[in-house]
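Chains A and B supply the protein sequences, listed in that same order. Every letter in the first sequence is one number past the one before it in my numbering, and letter 38, counting from 1, is 38. Every letter in the second sequence is one number past the one before it in my numbering, and letter 197, counting from 1, is 197.
Note that these hints are calculated values from the structure, not bench results. The beta-carbon is built from N, C-alpha and C at its ideal position, and this holds for glycine as well. Possibly wrong hints are sitting among the right ones.
[Unchecked claim] Here are the in silico distance ranges between beta carbons for each label pair:
(1) G95/B / V68/A: 40 to 50 Å
(2) G100/B / A65/A: 30 to 40 Å
(3) R187/B / G238/A: 52 to 62 Å
(4) G291/A / R7/B: 51 to 61 Å
(5) G238/A / A171/B: 36 to 46 Å
(6) E198/B / A200/A: 28 to 38 Å
(7) P127/B / D270/A: 50 to 60 Å
(8) E198/B / P271/A: 35 to 45 Å
(9) H212/A / S39/B: 38 to 48 Å
(10) G154/B / A200/A: 52 to 62 Å
(11) P286/A / E97/B: 37 to 47 Å
(12) R129/A / S39/B: 38 to 48 Å
[What the hints assert, rightly or not] Non-contacting residues of chain A with respect to chain B, defined by C-beta distances greater than 12 Å in every case (computed):
(13) P74
(14) A105
(15) E107
(16) T118
(17) V168
[Stated by the list, open to error] Sample of chain A residues facing chain B (criterion: CB under 10 Å; computed from the structure):
(18) P87
(19) A130
(20) V133
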Amino acid sequence: MSDDVAGNGAQGATGTDAVKAGLARMLKGGVIMDVVDAEQAKIAEDSGACAVMALERIPAEIRKAGGVARMSDPEMIMGIQEAVTIPVMAKCRIGHYVEAQVLQALEIDYIDESEVLTPADEASHVDKRAFTVPFVCGATNLGEALRRVAEGAAMIRTKGEAGTGNVVEAVRHMKTITQDIRRVASATPDERFAIAKEMAAPLELIEWVGLHGRLPVVNFSAGGIATPADAALMMFLGAEGVFVGSGIFMSEDPPARARAIVEATTHWDDPEVVARVSRGLREAMPGIEIGELGEGGLLQTRGW
Amino acid sequence: MSAADARRPRIGVLAVQGAVSEHEAALADVGARTSRVRSAADLEGLDGIVIPGGESTTFGLVAGESGLLDALRARVDDGLPVLGTCAGMIMLASGIEGGGPQPLVGGMDIVVRRNAFGRQVHSFEAPVDVPALGDPPVRGIFIRAPWIERVGPGVEVLAEHGGHPVAARDATRIVAAFHPELTDDRRLHRLFVEGVQERSAGTEHEEDTVVGAQ
């Protein structure tokens with residue numbers, strides 16, 4: 001947190017918890033779309049995306065290409081920032097402080113410390129409290145989500161299994177977090193000590209969840225969402241919004257699918273709207289059965 | 001519904017996307033009933049409406065497609081009281097400076113600049129003096145916030161920050177560039193809901209007069 005004098009001369013405290021978590025609150029109910037260039041970013045914005053995620057290759061392409069996946073070229077990120085007025089997010093590798101600092105220097109609106117990229121540190125994530133820019137991090141259960149929040153994450157997204165077009169892991173992670181929260185909420189104060197130990201999460205945050213019955217920050221869903229019905233399903237399961245990675249630009253008609261997923265996310269509890277927007281979208285991205293990936297092919301097990 | 005409930009104003013919150021539940025909580029705290037507005041039909045029976053923070057481009061597209069935007073514009077032009085914060089303020093402006101065309105509700109005689117304070121790294125919080133709300137100053141949370149470039153006659157500036165108007169009102173509309181719904185301070189929501197109640201009371205009075213004349 002610091003006093004900002006650069007931002008058009010308006011003085012105030014930047015990087016406070018309220019300011020960082022507040023942007024995630026403004027994204028609620030929306031769709032954040034992966035884009036690889038300015039043209040895709042424009043399509044996303046014109047389809048009603050509430051933010052875009054700038055990255056060099058969408059997760060399905062990263063899977064195909066193999067090798068080490070890193071932060072995107074700043075020039076490509078800047079091109080996307082120029083093209084749209086909605087918030088622009090970008091990914092850094094888990095534990096890669098300098099990639100995160102570079103993204104902050106580029107004035108990215110949110111950093112995704114992401115398992116989709118190859119981790120730079122297998123033991124520790126970035127200490128996100130030291131940054132002015134807010135971070136979003138992936139989680140597969142409540143303990144993992146609260147460890148990220150303790151490190152300073154201002155937003156959580158369930159990991160799912162990126163680049164597969166298969167929603168099954170996103171469902172698993174969302175339901176796990178919901179079940180974990182229910183368990184903490186119904187636990188007695190003494191049981192919460194044991195739960196904190198078991199989930200490897202700070203006791204204070206476990207107690208906060210017990211008191212409020214929800215995560216301390218906004219929780220989106222990600223990883224494998226490919227259709228309007230997938231997006232609506234994740235909202236039905238309690239997601240506060242969705243990330244769509246490969247699902248849009250790997251499909252046959254990206255603008256129509258992007259538009260339909262936005263509508264389905266707003267009107268997730270109105271099946272007639274979901275039915276109407278799902279009509280005639282042509283082929284979705286080809287999906288991958290999770291079992292075919294094997295242990296080594298899973299991105300969700302990166303990070304701890 | 002009890003008689004007491006019937007007297008509580010019913011305030012809709014535009015729920016295309018954005019910080020909807022935060023406004024619902026704030027409105028409930030000041031005694032309003034709330035409902036979510038996602039389609040034109042949801043505007044029925046409202047005494048007032050809140051347009052929350054979120055992405056104004058998303059609001060315009062999604063609400064535009066379903067006919068909600070036109071219906072909302074008609075109601076607001078017709079005097080439905082409205083409170084807009086951040087993106088909500090942009091939606092109510094009659095124009096946007098330095099930005100491309102985008103669908104708006106419009107109708108308020110102000111011109112705004114989107115993301116005027118800069119990108120998220122420049123988002124900030126600071127005390128904002130709002131004389132209409134009395135002491136102490138409001139904790140202003142500004143997130144990729146707009147400011148007001150120009151106000152027309154009939155618009156009262158409620159607050160300034162860094163030399164720019166950041167809150168204003170006219171006869172039926174209140175707008176703020178910051179987010180009182182992210183704090184525990186309910187004074188701006190109370191000001192809005194009291195205005196809605198006064199207006200409803202006035203309307204009922206007029207109806208009484210008409211009945212009496214017959």
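Each hint tested on the structure:
For the hinted restraint 40 to 50 Å between G95/B and V68/A, the CB-CB distance of approximately 48 Å keeps it satisfied. A hinted range of 30 to 40 Å for the beta carbons of G100/B and A65/A is consistent with their spacing of about 35 Å. One distance hint, 52 to 62 Å for the beta-carbon pair R187/B and G238/A, is violated here, with the actual separation near 32 Å. Distance hint check: the CB atoms of G291/A and R7/B are about 60 Å apart, consistent with the given range 51 to 61 Å.
Here the CB-CB span from G238/A to A171/B is close to 41 Å, well matched to the stated 36 to 46 Å. Our hint of 28 to 38 Å for E198/B and A200/A is violated, since their Cβ atoms are close to 55 Å apart. Taking the beta carbon of each, P127/B and D270/A are about 42 Å apart, not inside 50 to 60 Å as hinted. Evaluation of the 35 to 45 Å hint for E198/B and P271/A yields a pass: the beta carbon distance comes to about 41 Å.
One distance hint, 38 to 48 Å for the beta-carbon pair H212/A and S39/B, is violated here, with the actual separation near 31 Å. The hinted window of 52 to 62 Å between G154/B and A200/A holds, with their beta carbons roughly 59 Å apart. Separation of P286/A from E97/B is about 45 Å and conforms to the stated range, judged on CB atoms against 37 to 47 Å. Checked against the hint of 38 to 48 Å, the pair R129/A and S39/B passes, with Cβ atoms roughly 42 Å apart.
Every C-beta of chain B lies more than 12 Å from that of P74/A, the closest at about 15 Å, which supports listing it as non-interface. Distance check on A105/A: its Cβ comes as close as 9 Å (rounded) to a Cβ of chain B, failing to clear the 12 Å threshold; non-interface status is violated. Chain B draws E107/A into its interface by the beta-carbon criterion, the shortest separation being 4 Å against a cut-off of 12 Å. Separation of T118/A from chain B is adequate, the least Cβ-Cβ distance of about 26 Å exceeding the 12 Å criterion.
Chain B leaves V168/A outside its interface by the beta-carbon criterion, the shortest separation being 26 Å against a cut-off of 12 Å. Checking P87/A against chain B by beta carbon gives a least distance of about 7 Å; that is within 10 Å, so the hint holds. With 10 Å as the threshold, the beta carbon of A130/A stays out of range of chain B, its nearest partner Cβ sitting at about 13 Å, so the hint is violated. Taken as an interface hint, V133/A checks out: its beta carbon lies about 6 Å from the nearest beta carbon of chain B, inside 10 Å.
Violated hints for the displayed structure, listed by number in ascending order: 3, 6, 7, 9, 14, 15, 19.
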